[in-house]
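When you get a sec, could you build the whole thing from the sequences and use the hints?
One letter stands for each residue in the lines below.
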Amino acid sequence: MASAASPATPDGRVNDGGRASKPVVSIQAVTHRYGNVVALDGISLDVPSGIMVGIVGPDGVGKSTLMALVAGSKKMQQGRVTVLEGDIADARHRRAVGPRIAYMPQGLGKNLYLELSVYDNVDFMARLFGLSAEERSVRVKELLQATGLGKFADRPAGKLSGGMKQKVGLCGALVHDPDLLILDEPTTGVDPLSRRQFWSLINDIRVGRPGMSVIISTAYMDEAQQWDWIVAMDAGRVLATGTPAELMKRTGTEDLERCFIALLPEEKRKGHREITIPPRPPGKAELAIEAHGLTQRFGTFTAVDHVTLSIERGEIFGFLGSNGCGKSTTMKMLTGLLPPTEGTAKLFGSSVEAGSVEVRKNLGYMTQAFSLYGELSVHQNLVLHARLYHLPPEQAKARIAELVERFGLGAHLDALAESLPMGLRQRLSLAVAVLHGPQILILDEPTSGVDPVARDSFWELLIDLSRKQGVTIFVTTHFMNEGMRCDRISLMHAGRVLAADTPQKLIDSKQADGLETAFIAYMEDAIANADAAKGAGSTAPASPPAPGTGSPASATTFVAGAGGQEPAPAPLVKDASQPARPERASLRLRVGRMLAYAHNEAMQIRRDSIRLAFAFLGSALLMLIFGFGITTDVENIRYAALDLDQSPESRAYLEQFAAAQRYFAPTPPAFSSDEAFRRLQSDDVSVVLEIPPNFGRDFRRGAAPEVLAQVDGAMTFRGDTVAQYVEGVHGELLRDPATGLRTAEPQRYTAELEERFMYNPTFESIYSIVPSVPALLLLLIPAILMAVSIVREKELGSIINFYVTPTGRLEYLIGKQLPYIAIGMANFFILTALSLIVFGVPIKGSFLTLLLCTLFYVAATTGIGMVTSTFTTSQVAAVFVTAILTIVPTIQFSGLLQPVSTLQGGAGVVGSIWPASYYMHASLGAFTKGLNAGLIMKDVAFLAACVPILLGISVIGLRKQEK
Amino acid sequence: MKSLLNILWLGLKEIRSLLSDAVMVVFVIYAFTLAIYVQATGTSSEVNNASIAFVDEDESTLSKELFNAFYPPRFKLPERITSEEVQAEMDRGRFMFVVVIPPRFEHDLRAGRNPEVQVNIDATAMQQAGIGAGYIRNIISDRIDSFLRSTEVAKTPPVRLVIRKLFNPNGLSSWFKSVVAIINQITLLTVVLTGAAVIREREHGTLEHLLVMPLSAFEIAMAKVWANSLVILVATGASLLVVVDMILEVPFAGSVLLWFFGVVLYLFFATALGIFLGTISRSMAQFALLIILVVLVLMLLSGGSTPVESQPKWLQYLTYLLPARHFVSFSQVIIYRGGGLDAVWRQFLMVSAVGLGFFAYSLALFRKSIAVSK
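If you read the sequences in order, they're chains A and B.
Its first residue numbered 1, the first sequence is counted upward by one per residue in my numbering.
Its first residue numbered 1, the second sequence is counted upward by one per residue in my numbering.
What the hints contain is simulated information worked out from the structure, not anything from laboratory work.
Think of the CB as a built atom: it goes at the ideal place given N, C-alpha and C, for glycine as much as any other residue.
Careful: at least some of the hints might be erroneous.
Some chain A residues well away from chain B (every beta-carbon gap over 10 Å; in silico) [as the list claims (entries may be wrong)]:
#: 1; residue: Arg273
#: 2; residue: Ala528
#: 3; residue: Lys963
Derived pair list, reagent style DMTMM-like, types lysine to aspartate or glutamate, alpha-carbon separation capped at 20 Å [unchecked claim]:
#: 4; chain 1: B; residue 1: Lys76; chain 2: B; residue 2: Asp91
#: 5; chain 1: A; residue 1: Lys938; chain 2: B; residue 2: Asp91
#: 6; chain 1: B; residue 1: Lys313; chain 2: A; residue 2: Asp684
#: 7; chain 1: B; residue 1: Lys165; chain 2: A; residue 2: Glu727
#: 8; chain 1: A; residue 1: Lys22; chain 2: A; residue 2: Asp87
#: 9; chain 1: A; residue 1: Lys963; chain 2: A; residue 2: Asp41
#: 10; chain 1: A; residue 1: Lys794; chain 2: B; residue 2: Glu203
#: 11; chain 1: A; residue 1: Lys938; chain 2: B; residue 2: Glu89
#: 12; chain 1: A; residue 1: Lys468; chain 2: A; residue 2: Glu286
#: 13; chain 1: B; residue 1: Lys2; chain 2: A; residue 2: Glu358
#: 14; chain 1: B; residue 1: Lys64; chain 2: B; residue 2: Asp91
#: 15; chain 1: A; residue 1: Lys110; chain 2: B; residue 2: Glu203
#: 16; chain 1: A; residue 1: Lys960; chain 2: A; residue 2: Glu727
#: 17; chain 1: A; residue 1: Lys74; chain 2: A; residue 2: Glu962
#: 18; chain 1: B; residue 1: Lys165; chain 2: A; residue 2: Glu286
#: 19; chain 1: A; residue 1: Lys74; chain 2: A; residue 2: Asp90
#: 20; chain 1: B; residue 1: Lys313; chain 2: A; residue 2: Glu764
#: 21; chain 1: A; residue 1: Lys505; chain 2: A; residue 2: Glu524
#: 22; chain 1: A; residue 1: Lys844; chain 2: B; residue 2: Asp91
#: 23; chain 1: A; residue 1: Lys938; chain 2: B; residue 2: Glu85
See below:
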């Protein structure tokens, strides 16, 4: 397989593919820390060029950090890394060699955009590297065809199996013909057939581009066996380097896994010994787990297809398969978490479907990954579970002590569970799972991410449980050597069990040299059968769902080439004799990359229903709520009269309030002060008008009787306004002789007060609120969406595409901003339409000026989102921080509640620089005040000035490398 | 019995998890102390520093007297402008009020005519415009009265009106705002805490773990309800004692116990809402977006920001279903007006009914989501 290295390359960039040439990567004294944790500890290493180099070691030893440093995606802390004859810490060198390096980060499809189709993902990478439209369409199709993805070009990347995602990632990496290919754990969690296909792809590529250097990391030692050169790493250090043969010879071992263990320092190997599995006692035991025709369908997609199993008491039964093949779903049906669509599952003869408590007491379960409470200590986790299983306190105490002893947790009792290393965590999980002494243990990938030594000690515990205590163990794994340790295994793929038997029998029946090859043979058989079935006109049993059927992405699985032909190896790499493209930093390329990001972002939003709904329905909903819900109009004030006089005069006085219908709504009169107070107290009325006894007589005598108005002042604004209205009606009554309360003469010596309510003559709050709300909404929503779009890339990992491609910061930011400006403008039209149609608030001034103003405003508000994205790292933080930062100044300091002209001190300063103040003025001006364009232009000018400032801050704050 | 124990143990775990999350704890403390203080004392609907200008075409002793009658804190010191400038200055938003005193104003007044003072009001500044105009009216007529009284006899009015404001005699807006701020924080934080707890358990896979044990969805949900409610209840109590009572000195007219009973009822609803939102959103990020929409709606329509009575009738019928509205309403009755159970039992009933219905619905959804969750 390693025959690809050939001596000369036609393009002449690398002189010779052999090991004699200069190292492609030279690492000198590199140390890297995350807080107090040392990830890389003074590593020095020269990587030969033109060959396939494997970096091997378990999870968490620093492989990924090293790869990211070499790719230039992570910022160097200490030391020096020379890549392709230049210092990778130098930004200019990175830009120059960027197009010659391809980097695929760890994690299935980590740098893919899951909402985008396969084609669009690869096309996007091609755009970033400046391929023209014609070049792209040819190149992308070529690559997809060669990797067998051609048929799935339109499927969203999120709905692919792990193996296929990795192939898409590879296409994206190869689209620009790199000289150095860096692949970080490309096959973790991928089924064996896809894995084999992946490696043969890499080999084909190397045949086409013999000068290309490939650096790959992996946790599967057996994979690395076939590579040219190995770097074995542990705990941030290099244990050994050399060809696999050399290393095995040095340690006197036969395979790399044992070789690796032998290379480990003495104290780590302590207590490790080869696992021996005592045979099961002969004779037929009772059945512990029985499943018959278990089927699970999600919509039209079949995740698990008629799985039938029977497992005896005390047996260790292994379930092998790739990510998403249906293993976890099967387990969930066995544990009663998920009711099966069809079929039955029984534990010790009783059905689990009812999920009865009795059945569950016999069951211990370890979910995939660590599922205990990380924020509780080891001891607290154990105690909590003892309590939830209602073990009597003394018994619980004894049991916990026993388990702590046996699982070696004694030294860590008070440590937080999340602070434990993976191996210990898994032991704690197991301790919790067996705490109540269950008869059946169901373990979902208990050893993924655990180093080989810890994995072996974990298996010792399992074997002990099975053989000594007769516990039935049902375990899933994707490590073939763990499969070999099981009494029986079943091979699962695409929801179906391909075969189930003892590992040796499975190998023998396919005459394979190992479990992996046997598995692949079974998979190929299954595919052939499915094709035959299709050819015969019947439907395939596990037919892949049509794109967009909404089946859960994680449960979907496909094998490339499942439709029949093996992927054609032919035109994988472009004719290597073609000269390398010169690095052109022309404007055209920059604009092209910017548009590529804009296009990419637009498509992502279009396919994300929640964000889309938030963008459009959110603003409309909030507009309606603000418009209808926020009103400062005080009308229909409920009042009660307490008329202690009952004279014509008192009635005439009260009549005046009843006549002011818009403001006052009468309720039945009160008859005592107590009653009046009670009614005020229970919010039945807001005012009580108390007319004193002898009111009429005093009035006639000119003795100026006193009317008492008791106003509910609990809600201050309302209380103030009500008091004003009462005074208003009272004043009207005295001025107007026609009211029935005859006063001697009209008042003299008073000035008439003429109040002109400008801009809003009817003084209805709707004319003020409705034009003000867009200032808030066009800030809040675009800013949040913008911040989320950037932070989301940070969180999901696709920002790596920005780190490792020649994309500039400005291109990236403006590219992402454009779609949100478009959304902001669309929102503006929606809000304006609502104002006109629903609220009947017309635009009195210049619509075009307002439109121009809005354009700058949304450019500025998306800029605010960009700025917040520079200092937030999770989407949740981005949403809340942006919301708080935008809502508070907009509501408090930009004129929504209090005019900017009345603000003082700090509030005044904020109000005078906050863009919302200016937009609020422009919007109110255009809608309600009917201002001419000249007055609004000042706002336009200010907002236009904000845009480059905010963009500048974001450019400074945006990192081009990971910290 | 066993079920109760399960709920107890799970709830204790919940509290322990929450307390170990330093960021959350700081956020809760901030939300119930500083945030409440700032909201209570920040912007007010009272008229403060209102910008005012005069166009004095009379230039008499009286007009100068009127000019000098406006001063801080209620008004900024007035500025003089010309009548041509009025429209432009108001368009620019420099002044909320412009008082125009006509020529020969004092002369006409003394002659027994009723000359007209014009007050131009920027009616787009709703909250202050109406009340401010009232102040201006009172100040001007008082000044004219006292000015004339020094020369001639002014008449007393035939009927006097005495306005007494109950429940908040000085009209301090911090009284109302502090309590509304607490109510808003209760809504926001309860929903965030409970929803985040559900999502965290799902994302970490611990929820699955719990369901394989002999526990029911009801027990799991109920544990979250009591644990998160307790945390918020304690925070509310502390905030009421320290911020509202001691610092802002807002008197509590009614029974504290009765109010807390109401809070417990509301918390039941809010935790159920949290479970509901945590269940329907697939990730923390989606949850955060949903929270913004839902909590804004609850806050704006509850009657805490503007009176429920001002909402259109059809909306009032809809908001009748919002427990937040009843919460604001019974809080006013108990805290300011000193009302007893007889005044608030309807609101209590409504909050419980909606809370119970919502809890039942969330629970059903919660069960179903677990069944299909990954």
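Hints versus structure:
1. With a least beta-carbon separation of about 32 Å from chain B, Arg273(A) lies farther than 10 Å from that chain, consistent with its non-interface assignment.
2. With 10 Å as the threshold on Cβ separation, the claim that Ala528(A) sits away from chain B holds: the shortest Cβ distance comes to roughly 31 Å.
3. For Lys963(A), the requirement that its beta carbon stay farther than 10 Å from each beta carbon of chain B is met, with the minimum near 20 Å.
4. Pair hint Lys76(B) plus Asp91(B) holds up; C-alpha atoms about 19 Å apart against a cutoff of 20 Å.
5. At most 20 Å may separate the alpha-carbon atoms for a hinted pair to count; Lys938(A) and Asp91(B) meet this at roughly 12 Å.
6. A distance of roughly 17 Å separates the Cα atoms of Lys313(B) and Asp684(A); the hinted pair therefore holds under the 20 Å criterion.
7. As the CA atoms of Lys165(B) and Glu727(A) are separated by approximately 13 Å, the hinted pair is consistent with the 20 Å bound.
8. For the hint linking Lys22(A) to Asp87(A), the alpha-carbon distance of about 15 Å falls within 20 Å, and the restraint holds.
9. Distance check on the hinted pair: Lys963(A) and Asp41(A) sit about 17 Å apart at the alpha-carbon level, within 20 Å; holds.
10. Distance check on the hinted pair: Lys794(A) and Glu203(B) sit about 19 Å apart at the alpha-carbon level, within 20 Å; holds.
11. Restraint check for Lys938(A) and Glu89(B): the C-alpha separation of about 14 Å stays at or below 20 Å, so the hint holds.
12. Proposed proximity of Lys468(A) and Glu286(A) is supported: the alpha carbons are some 16 Å apart, at most 20 Å.
13. With a C-alpha separation of about 14 Å, the suggested pair Lys2(B) and Glu358(A) falls inside the 20 Å cut-off, and the hint holds.
14. Using a Cα cut-off of 20 Å, the hinted pair Lys64(B) and Asp91(B) is violated, with the two alpha carbons roughly 26 Å apart.
15. Of the supplied pair hints, the one linking Lys110(A) and Glu203(B) holds, its CA atoms being roughly 18 Å apart against a limit of 20 Å.
16. For the suggested pair Lys960(A) and Glu727(A), the alpha carbons sit about 66 Å apart, so the restraint of at most 20 Å is broken.
17. At most 20 Å may separate the alpha-carbon atoms for a hinted pair to count; Lys74(A) and Glu962(A) meet this at roughly 4 Å.
18. For the hint linking Lys165(B) to Glu286(A), the alpha-carbon distance of about 83 Å lies beyond 20 Å, and the restraint is violated.
19. The suggested pairing of Lys74(A) with Asp90(A) holds, with an alpha-carbon distance near 12 Å, which does not exceed 20 Å.
20. For the given pair, Lys313(B) sits about 16 Å from Glu764(A) by alpha-carbon distance, which is consistent with the 20 Å threshold.
21. Pair hint Lys505(A) plus Glu524(A) holds up; C-alpha atoms about 18 Å apart against a cutoff of 20 Å.
22. The straight-line distance between the Cα atoms of Lys844(A) and Asp91(B) is roughly 13 Å, inside the 20 Å bound, and the hint therefore holds.
23. For the proposed pair Lys938(A) and Glu85(B), the alpha carbon gap of about 18 Å is at most 20 Å, so the pair holds.
Hints 14, 16, 18 from the earlier list are contradicted by this structure; the remaining hints agree with it.
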